[in-house]
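> These protein sequence lines map, in sequence, to chains A and B. Be aware that the first sequence starts at 132, since it is given in the working numbering, and climbs by one per residue. Be aware that the second sequence starts at 112, since it is given in the working numbering, and climbs by one per residue.
It is worth saying that the hints were derived from the structure and are not from the lab. Using N, Cα and C, we set each Cβ at its ideal position, and we do this for glycine too. Take these hints with a grain of salt, some might be off.
[As the list claims (entries may be wrong)] One-sided excerpt, in silico: chain B residues whose CB lies under 10 Å from chain A:
1. P194
2. P197
3. F389
4. T392
5. S400
6. A529
7. Q537
8. Q542
9. A545
10. D546
11. E547
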Amino acid sequence: MKTRRYGIIDRQKRRMLIPFLLPALVLYGAITLYPGISTFYMSVMDWGGVGDPVFIGLDNFTRLVRDPTLIKAAGNTFFYVVVGGFILFPLAITFALATKSLRRGKLYRFLILAPIALSVTTAALLWKFAFNPNFGFVGDVFAALGLEALSSWEWLGEPSTALFIVVLASVWHGIGIWMLFFISAIERVPPELREAAILDGANAFQVFRHITFPLIWEMTRTLIILWIIQASQAFGFIIAMTNGGPLGATEVIGTYLYKQAFVQFEYGYAAAVAIVLSLVVVTLTVISRRIGRRGEGVEY
Amino acid sequence: MNTARARWAVAAGAALALGLTACAPPSTDPTPAPTAGGLSGTLEVVSYHPENTPLYDRLAELAEQFEAQHDGLTVEITFGGGPGMPPIMTRYLAGDAPDVNPTLGGQCPNGELIEGGLTYDLSDALKSDFGDGGTWEDAIHPAVRSQLDSWVDDSVCMAPESVTVIQFFYNKKIFAEHGLSVPETIDDLIETAAALKSAGQTPFAVTGTFAFYMQLYWDYLMLRHVGAEAYTHAIGGAQVTREPIPGERPLLADLPGVRDAARDLERLVSDGNILDGFRSTDFTAAQMSFFQGDAAMILMGSWLVSEMADAIPEDFEVGTFAFPVATGGAGDQATTIGGVQGLSVAADAKNPEAAIEWLKFIGQADVQATYASEFGAISGYKAAPAPEGFEAVVDMLADGEMQMMYFGLLGQSAEIQAAIHEPLTQLFFGQIGADEMVTQMSQRLDAANG
Chain A
132 MKTRRYGIID RQKRRMLIPF LLPALVLYGA ITLYPGISTF YMSVMDWGGV
182 GDPVFIGLDN FTRLVRDPTL IKAAGNTFFY VVVGGFILFP LAITFALATK
232 SLRRGKLYRF LILAPIALSV TTAALLWKFA FNPNFGFVGD VFAALGLEAL
282 SSWEWLGEPS TALFIVVLAS VWHGIGIWML FFISAIERVP PELREAAILD
332 GANAFQVFRH ITFPLIWEMT RTLIILWIIQ ASQAFGFIIA MTNGGPLGAT
382 EVIGTYLYKQ AFVQFEYGYA AAVAIVLSLV VVTLTVISRR IGRRGEGVEY
Chain B
112 MNTARARWAV AAGAALALGL TACAPPSTDP TPAPTAGGLS GTLEVVSYHP
162 ENTPLYDRLA ELAEQFEAQH DGLTVEITFG GGPGMPPIMT RYLAGDAPDV
212 NPTLGGQCPN GELIEGGLTY DLSDALKSDF GDGGTWEDAI HPAVRSQLDS
262 WVDDSVCMAP ESVTVIQFFY NKKIFAEHGL SVPETIDDLI ETAAALKSAG
312 QTPFAVTGTF AFYMQLYWDY LMLRHVGAEA YTHAIGGAQV TREPIPGERP
362 LLADLPGVRD AARDLERLVS DGNILDGFRS TDFTAAQMSF FQGDAAMILM
412 GSWLVSEMAD AIPEDFEVGT FAFPVATGGA GDQATTIGGV QGLSVAADAK
462 NPEAAIEWLK FIGQADVQAT YASEFGAISG YKAAPAPEGF EAVVDMLADG
512 EMQMMYFGLL GQSAEIQAAI HEPLTQLFFG QIGADEMVTQ MSQRLDAANG
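Input sequences plus hints: build the corresponding full structure.
Here it is, written out as structure tokens:
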């Protein structure tokens, strides 16, 4: 094997790099590496927060497999990611395209983006009040439409609908940002390509299907991965709207982890859950990248 | 919660624990009493109530009075309720605990804090002079004093601030309009509910989002039909009783009277007896519904009136009655479920002398009398008067026993809590019947207890 021999100047240049890299390396070690390693360490311990942690090997991980609440939480997390994604992406792309072509598009963009200015807690409470069966306006709207069965439905109290409503609230709150991402991607598509397609007789859907979408696919793929990471860590809306209820119907891994650590004070088990959550995020990300590669983006 | 935050929290906790074990090994010896002397410096007191609430304002006013009595002392109030609790816990672990911390649900602070030597042992302090010729301990109701001991060692982990009891609150006007009297037996209560419902009035306000409050119904029915000791034993409650319960833990489903309790619960909460929308109604909204007249009764702690003081209409007439007895029931018919709202001092308090004096100051007759008259609080001290409507409760504190709120379930594992709460919630939601609830609870408790 041929190795490169560094000269004195090269070696001095390399030494010069060390002081410049050191602050970043120290920060990275302190805020990423050390907590990560500590989490692995803690996941093989039984520790309630006080006293000596007791080494228990892989017991926390074997417990994970038998924990029905965690299994349910994992299923709910998957639902959150998939259903949320299927609602978010088509809507965000639609809003991006529509506000680009509509008159007063900027006003509509502002209105769609406005909820992001609210804190998660405020937005969650708004939705919670709106869906309250006693004084929420959603029930009144259904009643006005003559849909009596829906007007008295406990949207957040029924295990069958609670998680869906939380997903809707979360999408409503954040969709403006995703719309902006897509607007920036769409604006990068050369207009002459669309114009040429229109001249060739393509309708709006065909222009989107064959021109716009392939050219924004790279961005879409990255955004899907971002969504998977963000949605897998869902927490704020659920805590504020349902606290994981009713009957665990909205418990996700993030809320379960929090409760294990800060309500039950089972730090070792919470660390094991955190590791599993990280693995879930990485796995979903890899899968989505693999799937995404099947339709490679078009270079232009 | 995102992963990075979880890692941070766990990592920080791990580092702190290692530091604690290295630098300050836990001691089981009673913490030495503070030295006498003038009070100065800063005293940090935790409030469960957020700013701009009546109880926070009361605490702020007391802080000013205490400062006026001790030149050079400053009292700082830190919010530590709800979302403020985890940071307080973290501060305990970091050796930076606030001086005075309220305890929750009548229980000493987290048992592991006591085991870890992080809670000040008040044993010696309780023997000190209370300013009325007797000791601090003598000034406390006997039923309250018995609740102050830690269940993990011989220490005294808190001093009382007030006592809470769980009882029914009812709307006197609604009862009068329908010619109803206070029910004395569970059958009376079910008949009262039926009468209200047939008149178009919802009988009960309940929250479906907080299982511990639904558990209050079940706890009382078990107390009346089965008895405290057998129920506690079936839960696996040796961990929350100071003495192990002798004998093998019984299966919940085998307890005499358990199915009667479950059937009574089903009769109470089914057929539209509970406020519409209760499944997604949190406890504040449920309490608000009661005070707006949407429901005639609510089973709640004696803190209800003070907590909702700002929201109670001026013309609202609130009445109270004890949870009715089970005719022929094998359990305890006279016992009340409740708890001591206590104050604990951190072992590494920065100002332990001031902290203990603060606890004594809170217990003074005039402070307690104001608390009772303005907020309806029941005092843990003998000298304080009973608030209106709670005279019988205060008599009981002088003579009798009090059953710990939630039967100690707050201190149990998530699996044991879920074994009770999930089937119970399913029954409240009408998804399962009484027998199925008992079967599920029993099987899940058995699995959770190994």
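> Each hint needs a verdict: does it hold in this structure or not?
Okay, the hints, checked on the actual structure:
no., hint, verdict
1, P194, "holds, 9 Å"
2, P197, "holds, 4 Å"
3, F389, "holds, 7 Å"
4, T392, "holds, 7 Å"
5, S400, "holds, 7 Å"
6, A529, "holds, 7 Å"
7, Q537, "holds, 7 Å"
8, Q542, "holds, 8 Å"
9, A545, "violated, 18 Å"
10, D546, "violated, 19 Å"
11, E547, "violated, 14 Å"
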